[in-house]
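**Q** Dock chain A against chain B, hints included.
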Amino acid sequence: MGFDQYHEPPDELPQATRTFARMCASLTEEAEAIGWYEQRLAVESDPDALAIMRDAQGEEFKHFSMDLEFLLRRTPAWREVARGILFNSGDIVEHGEEAEAEAFEGGAHRGEEGSLGIGSERGGSR
Amino acid sequence: MNHLLRGHAPISDAGWEMLDQEARERLAPALAARKLVDFSGPFGWQYSATNLGRTAPLGSAPARGVSGAKREVLPLVEVRASFALPRDELRDADRGAADADLAELDKAAHEIATAENVAVFHGWTGASVGIAEASPHKRVALGETTEGYPGKVAGAVEELLCSGIAGPYGLALGRDQYRRVAETAEHGGYPLLDHLRQILDGPIVWAPGVKGAVVLSLRGGDFCLECGEDLSIGYDSHDAEVVRLYIEESFSFHVATPEAAIALGP
Numbered sequence: 005m006g007f008d009q010y011h012e013p014p015d016e017l018p019q020a021t022r023t024f025a026r027m028c029a030s031l032t033e034e035a036e037a038i039g040w041y042e043q044r045l046a047v048e049s050d051p052d053a054l055a056i057m058r059d060a061q062g063e064e065f066k067h068f069s070m071d072l073e074f075l076l077r078r079t080p081a082w083r084e085v086a087r088g089i090l091f092n093s094g095d096i097v098e099h100g101e102e103a104e105a106e107a108f109e110g111g112a113h114r115g116e117e118g119s120l121g122i123g124s125e126r127g128g129s130r
Numbered sequence: 036m037n038h039l040l041r042g043h044a045p046i047s048d049a050g051w052e053m054l055d056q057e058a059r060e061r062l063a064p065a066l067a068a069r070k071l072v073d074f075s076g077p078f079g080w081q082y083s084a085t086n087l088g089r090t091a092p093l094g095s096a097p098a099r100g101v102s103g104a105k106r107e108v109l110p111l112v113e114v115r116a117s118f119a120l121p122r123d124e125l126r127d128a129d130r131g132a133a134d135a136d137l138a139e140l141d142k143a144a145h146e147i148a149t150a151e152n153v154a155v156f157h158g159w160t161g162a163s164v165g166i167a168e169a170s171p172h173k174r175v176a177l178g179e180t181t182e183g184y185p186g187k188v189a190g191a192v193e194e195l196l197c198s199g200i201a202g203p204y205g206l207a208l209g210r211d212q213y214r215r216v217a218e219t220a221e222h223g224g225y226p227l228l229d230h231l232r233q234i235l236d237g238p239i240v241w242a243p244g245v246k247g248a249v250v251l252s253l254r255g256g257d258f259c260l261e262c263g264e265d266l267s268i269g270y271d272s273h274d275a276e277v278v279r280l281y282i283e284e285s286f287s288f289h290v291a292t293p294e295a296a297i298a299l300g301p
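Residue numbers (the working numbering), protein chains in the order written: chain B, 5 to 130; chain A, 36 to 301.
Chain A extracted, bound-state conformation:
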């Protein structure tokens, strides 16, 4: 048994399979960052820091005739979303109930996926610098209506090209912006979603947690999400009524090329 202590939970093998599958299905649509940035790992729970290849000077040397420098690393952060499930629901699932109430798990899955998106696209104070805050490009607001979306996305792509950043490009859209794009057909009935895809030559991703939108290059090597422990479900405690579990991961995020993305405000 590893640190997730799953063996201590009063959950059957079939129950764990159901919970893992439910979590995968709920996480996949919301993990926007993993659809757009480089991903490396997982390197395990004990993996603690990303190598940045840089050093910081040290004020003094321990002896005459030597000099020293301290390696700089980016520590991984641990993220956890806790939830509790009624034991009655797990028992019903073991009997074959297909409609077990896993709402708390679903909520936790959405929350941790959103947290990962925010850390990658907007940053997490003390943990990571996000793509939007690292970008040196001028931020343009998308606005309340979609009429200006094609022009602003095309403008962002052209600005990336001017900076020598090759495509294809991806677009992360916040919830409101995605809904507006998805429901809009332009003059002649052409879906706005398809028009934007043609401009980008890449994917448009629903990105809960993103404020506005981010256009970024998918050529690779610009944005790295490094994973220690990949998303996993662990056991916390239980009583006669509920089992308390959590979804957890550890990761670092590093922007190697700040100019390879442009944030579009809401």
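So here's chain B without its partners, still in its complex pose:
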């Protein structure tokens, strides 16, 4: 059993950071699995095998999304950046730059200890 997700001695890490690292590792594995299924689907010709792999890839979509949501809930600054990028049409890079500026320049105190990290609620109220 490997402990590669830790870059610092695990005994020195708080419980919350160890959980965070595990979920980051899990997120990476789910993304890899999605990529592997994408490649297998591209070369497979058996329709039954394709159906099963599509279903399996759908599971990985779910796992990836749950991991991501967990991490975003625990990390207000990440959540804020993601809010500016995800599910928005238009230029992704532009949204990224704007979201980063908002989260880390306009809101340098958003991730302060004790802050609930709520910030603006614009965009999700229609």
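To be clear, the hints were calculated from the coordinates, so they are not data collected in a lab.
Wrong hints could be hidden among the right ones.
[Claimed, not checked] Just a sample of chain A residues kept apart from chain B, beta carbon distances all over 10 Å, derived:
no.: 1; residue: Ala63
no.: 2; residue: Leu93
no.: 3; residue: Thr149
no.: 4; residue: Ala150
no.: 5; residue: Thr180
[Stated by the list, open to error] Facing chain B, according to a computed beta carbon distance under 7 Å, are these residues of chain A, among others:
no.: 6; residue: Asn37
no.: 7; residue: Asp48
no.: 8; residue: Lys70
no.: 9; residue: Leu266
Even for Gly, the Cβ is constructed at its ideal location relative to N, Cα and C.
**A** The following block gives chain A in isolation, referenced to the frame of chain B:
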């Protein structure tokens, strides 16, 4: 440890995570102002005033040959909603109880969200001028029934257009008004909520604390909520039975374009 003194509270890491998550979930639906006005910050607990870019004259100069002016700023206000939680409930949560009684936290979250809405939409004497009181437009009453709502909201939108205020527009509805809109289907069964959204080309927001409704432009630059410390949970004290905590924030609110909103009375 910062001024919230969370490290002094007899609350586990998991307990704090639970309280923070509960507060976020309870605050989000009620924070109507943050869904409709520009938000900047948070700039931290030590941030004390918003720059208005204006000066006030001074009666005299300290020496001949000089003149002076005093900068005008808008001080931030601190808002706090205190609550107490039974320590037994926190211990049960640590054991895995999924139904910990956090009613006092929920109540405090609703109260502070309502206070923020009132300060933004109706003003807070000595602290902020609200959108409704700053608006120069004639106030129209919505009335007890929803039959007139589409016409009055459309009238407000048209009046904003006449004033050169572009959309999209948002609608903050007080609790009674929101309930009336949500429960109403017009002739043919078309939901009133959808009809109003089409008129506004923008969101309709449940806004506890708002009296009646407010139609406002969402084009940006007209209304600014500036945040020092964003909503946070801090520690006050504890005894053998309860832990006393609070939800706190600091903010200022400034109306840059009073004519960009119209208040509709109840």
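**Q** Taking the earlier hints as the rules, which of them does this structure contradict?
**A** 1
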